[in-house]
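J.: One-letter residues, chain by chain:
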Amino acid sequence: MTIDIKKYSAFLEQVASEIDIPPGKYQDAVDRYQAVGRWLEDGEYPGCQGELSICVQGSFRLGTVVRPIRDGIEACYDIDLVCEIPLHKDQTTPQAVKSMVGDRLREHGTYKKLLDPEGRRCWTLEYAEQDGVGFHLDVLPAVPDARSLVDTAIAITNKAGNIYSWSASNPRGYGVWFDGKNAAAFARTVFEQKQTIQRRASLIYASIDKVPDQLVRTPLQRSIQLMKRHRDLRFNHHERIDYAPISIIVTTLAAHLYDNEPDVYSALSGIVGKLQAHAALVEGKAIDRSLAAKGLIQRRPDGTWYIGNPVNPAENFADRWHEDNHARARAFFAWVDALQKDLLNILGETNPRLLKEHLGRVLGTAAVTKHLDILVPPTPVFDTPPRIHITSPAKPWREE
Amino acid sequence: MTEDLQRQIGELTAVHKGLTNVIERDTDMVVSGALSFEASAEGLETIIESFDIELTVPNDFPEALPRVRETGGRIGTDYEHRNPSGTLCLAVPVEQRRIFLEQPTLLGFVNRLVIPFLYGYCFFKKHGRHPFDEAPHGYEGILRHYVDTLGLRDEVAALAVICFLIEHGYRGHHDCPCGSGEKVRTCHGPALLALSRAHNQQSMRNDFIAIFGLCFAKFQEGKVSIPKPLRTQLVRLLDRFEYQR
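Protein sequence lines correspond, in order, to chains A and B. Note that my numbering gives residue 63 to position 63 of the first sequence, counting from 1, and the numbers run on in steps of one. Count along the second sequence from 1, add 1000, and you get the number used in my numbering.
Derived by calculation from the structure, the hints in this document are not laboratory data. Every value quoted in this text rests on a predicted model; they were computed, and no experiment measured them. Warning: the hint list may mix true and false statements.
In silico DSBU-like pairs for lysine-lysine, Cα to Cα no more than 30 Å straight-line [stated by the list, open to error]:
{"id": "1", "chain 1": "B", "residue 1": "1228", "chain 2": "A", "residue 2": "395"}
{"id": "2", "chain 1": "A", "residue 1": "370", "chain 2": "B", "residue 2": "1017"}
{"id": "3", "chain 1": "A", "residue 1": "395", "chain 2": "A", "residue 2": "6"}
{"id": "4", "chain 1": "A", "residue 1": "395", "chain 2": "B", "residue 2": "1125"}
{"id": "5", "chain 1": "A", "residue 1": "194", "chain 2": "A", "residue 2": "210"}
{"id": "6", "chain 1": "B", "residue 1": "1125", "chain 2": "A", "residue 2": "356"}
{"id": "7", "chain 1": "A", "residue 1": "113", "chain 2": "B", "residue 2": "1126"}
{"id": "8", "chain 1": "A", "residue 1": "113", "chain 2": "B", "residue 2": "1017"}
{"id": "9", "chain 1": "B", "residue 1": "1218", "chain 2": "A", "residue 2": "395"}
{"id": "10", "chain 1": "B", "residue 1": "1125", "chain 2": "A", "residue 2": "112"}
{"id": "11", "chain 1": "A", "residue 1": "159", "chain 2": "A", "residue 2": "6"}
{"id": "12", "chain 1": "B", "residue 1": "1218", "chain 2": "A", "residue 2": "113"}
{"id": "13", "chain 1": "A", "residue 1": "341", "chain 2": "A", "residue 2": "194"}
{"id": "14", "chain 1": "A", "residue 1": "159", "chain 2": "B", "residue 2": "1228"}
{"id": "15", "chain 1": "A", "residue 1": "112", "chain 2": "B", "residue 2": "1228"}
{"id": "16", "chain 1": "A", "residue 1": "395", "chain 2": "B", "residue 2": "1126"}
{"id": "17", "chain 1": "B", "residue 1": "1218", "chain 2": "A", "residue 2": "159"}
{"id": "18", "chain 1": "A", "residue 1": "6", "chain 2": "A", "residue 2": "285"}
{"id": "19", "chain 1": "A", "residue 1": "113", "chain 2": "B", "residue 2": "1125"}
{"id": "20", "chain 1": "A", "residue 1": "25", "chain 2": "A", "residue 2": "113"}
{"id": "21", "chain 1": "A", "residue 1": "370", "chain 2": "A", "residue 2": "341"}
{"id": "22", "chain 1": "A", "residue 1": "181", "chain 2": "A", "residue 2": "294"}
{"id": "23", "chain 1": "B", "residue 1": "1126", "chain 2": "B", "residue 2": "1218"}
{"id": "24", "chain 1": "B", "residue 1": "1183", "chain 2": "B", "residue 2": "1017"}
{"id": "25", "chain 1": "A", "residue 1": "112", "chain 2": "A", "residue 2": "25"}
{"id": "26", "chain 1": "B", "residue 1": "1183", "chain 2": "B", "residue 2": "1223"}
{"id": "27", "chain 1": "A", "residue 1": "194", "chain 2": "A", "residue 2": "181"}
Could you put the whole structure together from the sequences, leaning on the hints where they help?
T.: In structure tokens, the structure reads:
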């Protein structure tokens, strides 16, 4: 007997929604960052003409948010906000732009208190929330990059020691690119999902058209969420944490490889299968010709790796993959194999206890336990004699 | 009672068959009965024993951990590791959470924390010493736990560590809060990761209050100094917790 694929796909969908941001929390986050945006927009910036432009980027923008599970505990959500000041890149400096935004944030009584010391690229506001689930709101100062051919390109600031420089970025362009990959599946599912969300969160959304598009999830977005959660748990060990595949790589490759599959299971198997087909690159060997032609993951003659930013091919997301004897590349493909094994090749496992343990370990116990009933009806528990061998016991203590 | 908790209680009572009573009290679930075990530890004798216990599972379990009482009248008030409220004091809270998370179920809680505690009690009664050592009482025990497990210089370093955990969790590329000047990942990385895994919001907050309380007392006596960046961070955290100084 094996697990029914349809049921398993429904289970994956439920687990993904469990690790997603809930609608109420999403609304809180939007309120917070919009308030910050308005405050920044109302500021005075020397030499600046025209309107500031504030936009959200990263997983909040893309609908691929996963509740971070840092070190086994659920951590705060990270939100990236781009604050684009209409100044000419050549008539200002990265340091000036960075401090304009920092100064403006410090003018606000509350933000001043929430502000972390200056970061490499951004200013971080630490929001603690009453339910214990807070946000790190990263504000990235930027200016338009007029020299770029793409009109959505921006230059963001970079601080190394006391030296400031510009880096190219294009979060808006990336968002539009991702939406394109997602569009057909989105159109297919939008009405039904908004209906469900509205029913479940009727206090937040009075009618279906009040439900924002950003809460709708396609099989592509669900697959990315599951991959990210699996990654977070797998690389949760200190020795490996620095080699964990970065979200932008996971998101970019998944979006490229998604073939409009109608459900999470088939989307995930499609993506993972095609990623596995790239593994021979680690040994410098050739891969399937049609995949090689797409050039999503490339090996250059000098041995370095290339995964291009789809809206800025000059940016290489895999620029560190050759370091430490290709440690990141190896970690990536080992992780892809684990995805296959942990999430796809398990339909033959029907022992409920093993299934629960196994899926819990790779996707998080809480989310898995909650929806395991989709896969297996609750069963009686197993028996062991209460013979205990004590290892690494705690020292007894006492409250005062 | 959630289905998951129901299942966990089922798992527990199937293994520890003497725990036969399951009732709901206010918002808590209470499991009680005889807890029999045959326990051994590395290099130490095997002890076969049975205690009457009562396990109170709070409704926010596993965020908050169960409280345990020995109800057969064997462990008296003269035993050091009983809380003033009569519950058994299994370990310093963060250590309790760390061990619990190794097997985060009621059965794991009983097997890894309650039975070793009872084993330790029996051993102590027999030999007059604790087989697994013991932690100092109160806030001091919490502070010591940080200083000892991380090998920290002093209480101010412990304060910096707990502040760091609250604000950042584990961040490999940040400067290590111990003050060495190294990055976290090349310094106290593994230890910080282990602590931050074990903690939740409430336990971090409690440890913060404990360590801050001890440091602040010494600070007022002029025995320690608190560097400026840490002070700024403290103001922020105290604001956050609306802690009454």
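J.: Each of the hints needs a verdict: does it hold here or not?
T.: Each hint tested on the structure:
no.	hint	result
1	B:1228 / A:395	violated (35 Å)
2	A:370 / B:1017	holds (26 Å)
3	A:395 / A:6	violated (49 Å)
4	A:395 / B:1125	holds (16 Å)
5	A:194 / A:210	holds (9 Å)
6	B:1125 / A:356	violated (41 Å)
7	A:113 / B:1126	violated (56 Å)
8	A:113 / B:1017	violated (54 Å)
9	B:1218 / A:395	holds (26 Å)
10	B:1125 / A:112	violated (57 Å)
11	A:159 / A:6	violated (49 Å)
12	B:1218 / A:113	holds (26 Å)
13	A:341 / A:194	violated (33 Å)
14	A:159 / B:1228	holds (23 Å)
15	A:112 / B:1228	holds (16 Å)
16	A:395 / B:1126	holds (18 Å)
17	B:1218 / A:159	violated (38 Å)
18	A:6 / A:285	violated (36 Å)
19	A:113 / B:1125	violated (53 Å)
20	A:25 / A:113	holds (22 Å)
21	A:370 / A:341	holds (22 Å)
22	A:181 / A:294	holds (15 Å)
23	B:1126 / B:1218	violated (40 Å)
24	B:1183 / B:1017	violated (50 Å)
25	A:112 / A:25	holds (23 Å)
26	B:1183 / B:1223	holds (28 Å)
27	A:194 / A:181	holds (20 Å)
Hints 1, 3, 6, 7, 8, 10, 11, 13, 17, 18, 19, 23, 24 from the earlier list are contradicted by this structure; the remaining hints agree with it.
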